[in-house]
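If you count the sequence shown from 1, position 24 lands on 23 in numbering that gives the first Met the number 0, and the numbers rise without skipping.
There are no misleading hints in this set.
Straight line, CA to CA, 25 Å or less: simulated SDA-like cross-link-like pairs of lysine to any residue:
{"#": "1", "residue 1": "K70", "residue 2": "Q108"}
{"#": "2", "residue 1": "K159", "residue 2": "S68"}
{"#": "3", "residue 1": "K152", "residue 2": "L212"}
{"#": "4", "residue 1": "K26", "residue 2": "A56"}
{"#": "5", "residue 1": "K25", "residue 2": "T75"}
{"#": "6", "residue 1": "K59", "residue 2": "A187"}
{"#": "7", "residue 1": "K112", "residue 2": "K159"}
{"#": "8", "residue 1": "K159", "residue 2": "L64"}
{"#": "9", "residue 1": "K168", "residue 2": "F208"}
{"#": "10", "residue 1": "K220", "residue 2": "F146"}
{"#": "11", "residue 1": "K112", "residue 2": "I94"}
{"#": "12", "residue 1": "K112", "residue 2": "V205"}
{"#": "13", "residue 1": "K105", "residue 2": "N162"}
{"#": "14", "residue 1": "K168", "residue 2": "P188"}
{"#": "15", "residue 1": "K70", "residue 2": "E57"}
{"#": "16", "residue 1": "K53", "residue 2": "G77"}
{"#": "17", "residue 1": "K220", "residue 2": "Q108"}
{"#": "18", "residue 1": "K159", "residue 2": "P45"}
{"#": "19", "residue 1": "K59", "residue 2": "N81"}
{"#": "20", "residue 1": "K70", "residue 2": "S110"}
{"#": "21", "residue 1": "K169", "residue 2": "N67"}
{"#": "22", "residue 1": "K100", "residue 2": "K152"}
{"#": "23", "residue 1": "K159", "residue 2": "H69"}
{"#": "24", "residue 1": "K159", "residue 2": "F118"}
Cβ-Cβ distance ranges computed for the label pairs, FRET-style:
{"#": "25", "residue 1": "Q18", "residue 2": "L243", "range": "48 to 58 Å"}
{"#": "26", "residue 1": "D238", "residue 2": "E16", "range": "49 to 59 Å"}
{"#": "27", "residue 1": "E240", "residue 2": "N52", "range": "35 to 45 Å"}
{"#": "28", "residue 1": "S68", "residue 2": "K169", "range": "17 to 27 Å"}
{"#": "29", "residue 1": "L29", "residue 2": "L191", "range": "30 to 40 Å"}
{"#": "30", "residue 1": "L191", "residue 2": "N226", "range": "19 to 29 Å"}
{"#": "31", "residue 1": "L233", "residue 2": "K70", "range": "28 to 38 Å"}
{"#": "32", "residue 1": "Q18", "residue 2": "L237", "range": "43 to 53 Å"}
{"#": "33", "residue 1": "D123", "residue 2": "P45", "range": "15 to 25 Å"}
{"#": "34", "residue 1": "N30", "residue 2": "E189", "range": "24 to 34 Å"}
{"#": "35", "residue 1": "D170", "residue 2": "K70", "range": "24 to 34 Å"}
Hints were generated in silico from the structure; no laboratory data involved.
Cβ atoms here follow ideal geometry from the backbone N, Cα and C, with glycine treated the same way.
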Amino acid sequence: MMKRLSDVNIETLETYEYQLDINIRKKNRLNSRFYEADWIPIREPPIILMTMNKETAEHKASWYLMLNSHKHIILTFGFVGNNEQLSMLLQERAIHGNLQKLLQDKCFQPSTKVLITIFLQILDAIIYIGTQGIIVSNLCCSNVLVFRMNPTKSSENLVKLTNFSMARKKDSSYVDNRPTTIPIRYCAPEILNSIDQSNYSEASDVYSFGVLLWEACSHGKILYGSNTSDSDVLQRRLDGEELLQPNE
Numbered sequence: 000m001m002k003r004l005s006d007v008n009i010e011t012l013e014t015y016e017y018q019l020d021i022n023i024r025k026k027n028r029l030n031s032r033f034y035e036a037d038w039i040p041i042r043e044p045p046i047i048l049m050t051m052n053k054e055t056a057e058h059k060a061s062w063y064l065m066l067n068s069h070k071h072i073i074l075t076f077g078f079v080g081n082n083e084q085l086s087m088l089l090q091e092r093a094i095h096g097n098l099q100k101l102l103q104d105k106c107f108q109p110s111t112k113v114l115i116t117i118f119l120q121i122l123d124a125i126i127y128i129g130t131q132g133i134i135v136s137n138l139c140c141s142n143v144l145v146f147r148m149n150p151t152k153s154s155e156n157l158v159k160l161t162n163f164s165m166a167r168k169k170d171s172s173y174v175d176n177r178p179t180t181i182p183i184r185y186c187a188p189e190i191l192n193s194i195d196q197s198n199y200s201e202a203s204d205v206y207s208f209g210v211l212l213w214e215a216c217s218h219g220k221i222l223y224g225s226n227t228s229d230s231d232v233l234q235r236r237l238d239g240e241e242l243l244q245p246n247e
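When you get a sec, could you build the whole thing from the sequences and use the hints?
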């Protein structure tokens, strides 16, 4: 059942449906926040553990739970009880990883038709998120997980959106006091000119989606160059520099 943000409370969330070393086995660390994991006993689908501190768990978990019923948004199973003084969230795992890395490493070189299919799947998720009164604020290829891929057959591709750490309510009265890092290379121009980051909107998500399309059509190329600092990118964008049309 869909939960409203106002109904989500970390104390009630952590009536754990899963327990570490009983239902879930934690395996190798993938990065600072994610671990490989297995069901006990082994079964499908593949899973992953996301760790977070108690202070951020309620915010992050609330968005995942609110958006948990869409076929192009990462599936979250729930919290996992543990003795490590961490909040652990159990999610399905995309064995192919994220779209940005696949494109950069040339592990996936989709045809134009396949790219369009992927874009439509992402757009479907964005539209759904908008109907739930939420602004994503952080759209980019690295936040698109690839579950199935075939560079020539559109029907054999499946992607899902993830990472709602910057998500916010689409409400003028909503105040978000969390310290956040602005995605300088992807955000809409009005965000760069907003001291308090109050200009996030459906329109700014549309802009970021356009940049995501550029990134994918450019084979995962780093926007404004990989050797360019964020401060330099910021100044170039404030000076009005725009992305050039991707090369064929």
